[in-house]
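Residue numbers (this note's numbering), protein chains in the order written: chain A, 44 to 331; chain B, 2 to 159.
Careful, some of the hints might be misleading.
As the list claims (entries may be wrong) - Derived coverage of chain A by chain B (criterion: at least 3 residues anywhere in the stretch with Cβ under 8 Å from a Cβ of chain B; other residues may be distant):
| no. | segment |
| --- | --- |
| 1 | 46-53 |
| 2 | 58-70 |
| 3 | 84-95 |
| 4 | 223-234 |
Unchecked claim - Keeping only pairs whose Cα atoms sit at most 20 Å apart, straight-line, the calculated EDC-like set for lysine to aspartate or glutamate is:
| no. | chain 1 | residue 1 | chain 2 | residue 2 |
| --- | --- | --- | --- | --- |
| 5 | B | Lys155 | B | Asp121 |
| 6 | A | Lys45 | B | Asp29 |
| 7 | B | Lys11 | B | Glu68 |
| 8 | B | Lys11 | B | Glu76 |
| 9 | B | Lys30 | B | Glu82 |
| 10 | B | Lys93 | B | Asp53 |
| 11 | A | Lys45 | B | Glu18 |
| 12 | B | Lys11 | B | Asp29 |
| 13 | A | Lys45 | B | Glu16 |
Don't read these hints as lab results, they were simulated from the structure. Quick reminder that beta carbons are idealized off the backbone N, C-alpha and C, glycines included.
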Amino acid sequence: MKPPPFEYCAPGTLEEAVALLAADPGARPIAGGQSLMPVLNFRLASPSMLVDLRRVPGLNGITTGADGVRLGANVRWRDIEDDAPLASAHPLLRAAVAHVAHYQIRNRGTVGGSLAHADPAAELPGIAVTCGAQIAVVGASGGRTIPAAEFFTGPLTTALRGEEIITELRLPPWPAPRRWGFEEFSRRQGDFALAGIALFYDEDAQGHAANARIGVIGACSRPHRLASVEGALNGRVIDDETIAAAASAARAAVDPPQDLHAPADYRRALVGTLTERALRAAAARRGG
Amino acid sequence: MPVGFTVNGKPVTVEVEPRTSLADCLRDKLRLTGTHLGCEHGVCGACTVIVDGAAVRSCLLLAVQAEGSDIVTVEGLSQEEGLTPLQTAFRKHHALQCGFCTPGMLTTAHALLSEEPNADEERIRSVLSGNLCRCTGYIPIVEAVLEARAAYRKADKP
Numbered sequence: 044m045k046p047p048p049f050e051y052c053a054p055g056t057l058e059e060a061v062a063l064l065a066a067d068p069g070a071r072p073i074a075g076g077q078s079l080m081p082v083l084n085f086r087l088a089s090p091s092m093l094v095d096l097r098r099v100p101g102l103n104g105i106t107t108g109a110d111g112v113r114l115g116a117n118v119r120w121r122d123i124e125d126d127a128p129l130a131s132a133h134p135l136l137r138a139a140v141a142h143v144a145h146y147q148i149r150n151r152g153t154v155g156g157s158l159a160h161a162d163p164a165a166e167l168p169g170i171a172v173t174c175g176a177q178i179a180v181v182g183a184s185g186g187r188t189i190p191a192a193e194f195f196t197g198p199l200t201t202a203l204r205g206e207e208i209i210t211e212l213r214l215p216p217w218p219a220p221r222r223w224g225f226e227e228f229s230r231r232q233g234d235f236a237l238a239g240i241a242l243f244y245d246e247d248a249q250g251h252a253a254n255a256r257i258g259v260i261g262a263c264s265r266p267h268r269l270a271s272v273e274g275a276l277n278g279r280v281i282d283d284e285t286i287a288a289a290a291s292a293a294r295a296a297v298d299p300p301q302d303l304h305a306p307a308d309y310r311r312a313l314v315g316t317l318t319e320r321a322l323r324a325a326a327a328r329r330g331g
Numbered sequence: 002m003p004v005g006f007t008v009n010g011k012p013v014t015v016e017v018e019p020r021t022s023l024a025d026c027l028r029d030k031l032r033l034t035g036t037h038l039g040c041e042h043g044v045c046g047a048c049t050v051i052v053d054g055a056a057v058r059s060c061l062l063l064a065v066q067a068e069g070s071d072i073v074t075v076e077g078l079s080q081e082e083g084l085t086p087l088q089t090a091f092r093k094h095h096a097l098q099c100g101f102c103t104p105g106m107l108t109t110a111h112a113l114l115s116e117e118p119n120a121d122e123e124r125i126r127s128v129l130s131g132n133l134c135r136c137t138g139y140i141p142i143v144e145a146v147l148e149a150r151a152a153y154r155k156a157d158k159p
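Assemble the whole structure, with the sequences as input and the hints as a guide.
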């Protein structure tokens with residue numbers, strides 16, 4: 044359980060970091076290392092060089108404003124936990140992040156690392172996709188933003204080019220009265236979820252759901268939205284009948300993997316149950 | 002490559018390969034073998050040390066990444082005059098048996114209570130869920146941490 048040998052450097056600027064990655068196709072960035080280090084210890088990856096982003100300035104900010112929430116790539120889980128304005132600026136994000144790993148890992152793990160690692164069961168990629176977030180990256184030819192829906196292309200696979208570095212996650216504004224729910228299930232606290240559901244909707248003057256969004260993690264090869272469930276919610280009052288129809292649509296909409304941890308049917312059933320729980324929590328919750 | 006940091010209040014410089022974890026550096030280079038290595042992939046919590054005030058898994062941190070940091074290991078917790086109140090509570094409640102997980106339990110609980118001396122049982126259980134114990138079970142460990150809170154509250158007062 045020791046990583047293969049690699050070179051290491053900790054550049055002081057983003058430009059330097061990108062140049063180092065561009066110069067060596069085997070080089071990989073590292074931030075908190077809480078996903079990459081296990082991969083290295085298991086020798087599932089053998090990068091020629093690690094480019095540590097810890098000295099790169101400007102990646103640590105959390106800002107909330109009229110244009111939404113911006114999380115710098117080096118923001119840690121515990122920073123999100125400790126940031127009081129986020130509780131009302133993005134309650135769904137806070138609730139989801141509360142499920143990430145354990146105390147010690149939360150002290151190191153970062154926003155950028157979670158997005159780049161792209162585990163299908165990870166919470167933050169699920170929130171990014173559900174909310175329609177943008178992921179800002181910088182590469183050799185400058186910066187670009189990638190919609191979260193296009194960023195995650197498969198298990199541990201993203202649209203990032205080799206030399207590109209994630210700088211920021213941008214979540215759209217969150218209206219205060221919005222109703223939301225986040226539910227996941229894992230066998231032990233802090234484990235990766237066997238399945239998870241993030242959802243929210245607004246309500247029109249008549250109390251009908253509008254702008255419904257629902258995303259799945261865990262029971263999928265990458266986080267994705269469930270359009271048929273969104274269709275079953277929009278324009279309806281969220282009552283028992285709507286919730287049952289949504290849960291049924293959610294079960295039909297997923298194609299879960301079968302592995303050591305759970306059979307596909309079990310994960311499919313979980314998606315239905317978690318959809319129901321998340322909708323009940325949303326309907327019972329008043330605003331943020 | 003050389004890396005410098007402070008361990009238990011003492012500045013040190015060591016020569017390590019970039020791939021050396023902080024855990025291996027502490028154990029093999031600095032002979033601080035109180036930090037235990039269990040799973041080596043961030044699951045068991047035995048290797049927990051405190052880096053700049055925050056409990057982290059030293060198997061998931063490269064020694065070179067800790068450059069300039071202030072590190073506290075389990076050896077740094079005990080005092081000249083004897084056991085700390087947290088360690089005393091562990092002994093009193095039989096919160097250890099084989100002792101393998103104990104360094105990680107102590108460093109984690111110390112970091113938690115230093116920041117949150119009023120942590121309730123639910124919070125303590127949630128935090129300790131990142132540390133595996135295969136002997137005593139968790140009830141005596143949680144009892145010990147609950148009892149040690151009083152000492153951290155006193156230490157908080159000016």
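Outcome of the hint check:
no. : hint                 : result
1   : 46-53                : holds (count 7)
2   : 58-70                : violated (count 0)
3   : 84-95                : holds (count 4)
4   : 223-234              : holds (count 3)
5   : B:Lys155 to B:Asp121 : holds, 17 Å
6   : A:Lys45 to B:Asp29   : holds, 14 Å
7   : B:Lys11 to B:Glu68   : holds, 14 Å
8   : B:Lys11 to B:Glu76   : holds, 12 Å
9   : B:Lys30 to B:Glu82   : violated, 27 Å
10  : B:Lys93 to B:Asp53   : violated, 30 Å
11  : A:Lys45 to B:Glu18   : holds, 12 Å
12  : B:Lys11 to B:Asp29   : holds, 17 Å
13  : A:Lys45 to B:Glu16   : holds, 17 Å
When each numbered hint is compared with the structure, violations occur for hints 2, 9 and 10.
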